[in-house]
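Q: Below are the chains, spelled out letter by letter.
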Amino acid sequence: GESVGLHLPTLSVQEGDNSIINCAYSNSASDYFIWYKQESGKGPQFIIDIRSNMDKRQGQRVTVLLNKTVKHLSLQIAATQPGDSAVYFCAEKANQAGTALIFGKGTTLSVSS
Amino acid sequence: DAGITQSPRYKITETGRQVTLMCHQTWSHSYMFWYRQDLGHGLRLIYYSAAADITDKGEVPDGYVVSRSKTENFPLTLESATRSQTSVYFCASRDVPGQGNYGYTFGSGTRLTVV
Chain A
1 GESVGLHLPT
11 LSVQEGDNSI
21 INCAYSNSAS
31 DYFIWYKQES
41 GKGPQFIIDI
51 RSNMDKRQGQ
61 RVTVLLNKTV
71 KHLSLQIAAT
81 QPGDSAVYFC
91 AEKANQAGTA
101 LIFGKGTTLS
111 VSS
Chain B
1 DAGITQSPRY
11 KITETGRQVT
21 LMCHQTWSHS
31 YMFWYRQDLG
41 HGLRLIYYSA
51 AADITDKGEV
61 PDGYVVSRSK
71 TENFPLTLES
81 ATRSQTSVYF
91 CASRDVPGQG
101 NYGYTFGSGT
111 RLTVV
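Chains A and B supply the protein sequences, listed in that same order. Going by the numbering used here, the first residue of the first sequence is number 1, and it counts up by one from there. Going by the numbering used here, the first residue of the second sequence is number 1, and it counts up by one from there.
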């Protein structure tokens, strides 16, 4: 079956640095991808999404890059802040109506000031 | 209050007991989902529902039962709780995608401990 995984379980950065969180997926039929942020004791929160017909999408301080050739997704956070400390999940949806999202295992981002 | 709410927030139960986790959303979203979150496994889909009276199994459905008699409620029942069902359970919902947005909104979770 398909799976979504993150390359590194933890990432530590200094405040002000740019962070890059990576994700590999295996289902070439996936047509939609999302990044979620989960703070301690809370449910995951939507950050940004991208469809498979796009290579890049930008939000406020975040950019998602999609490389379909190597089935790789990344989340870039500019000028990382202590409030960005959380677990980040990527999720994919296969190209079928109503199909649920499949989540990766998550990367814990720690930001030190 | 608008949103998606889960109850209880924390629950301790004994092995073999039946326990029901509640999920309520106020948006009339069509789709609702139950995930469990365990260290090393991320979020795994238990059951989902595309509309009232329509439910389907996810990746890890064994030992769980769901129902959806009303659009806004999606309770998850553990028929006979086992220690392996100790986990954090998240409910989520989303509407029928209008602009191709399939993102969910999650509840705050229920931390269940089976002793």
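Since the hints were made in silico from the structure, they are not lab data. In this text, a Cβ means the ideal position worked out from N, Cα and C, and glycines have one as well. There may be inaccurate statements among the hints.
If the Cβ cut is set under 10 Å, some of the chain B residues that face chain A in the computed set are [as the list claims (entries may be wrong)]:
1) W27
2) H29
3) Y31
4) Y35
5) L43
6) D56
7) G58
8) Y64
9) R68
Q: Hint by hint, note whether the structure agrees.
A: Okay, the hints, checked on the actual structure:
no., hint, result
1, W27, "violated (14 Å)"
2, H29, "violated (13 Å)"
3, Y31, "holds (7 Å)"
4, Y35, "holds (8 Å)"
5, L43, "holds (4 Å)"
6, D56, "holds (9 Å)"
7, G58, "holds (6 Å)"
8, Y64, "violated (15 Å)"
9, R68, "violated (14 Å)"
In summary, the numbered hints that this structure violates are 1, 2, 8 and 9.
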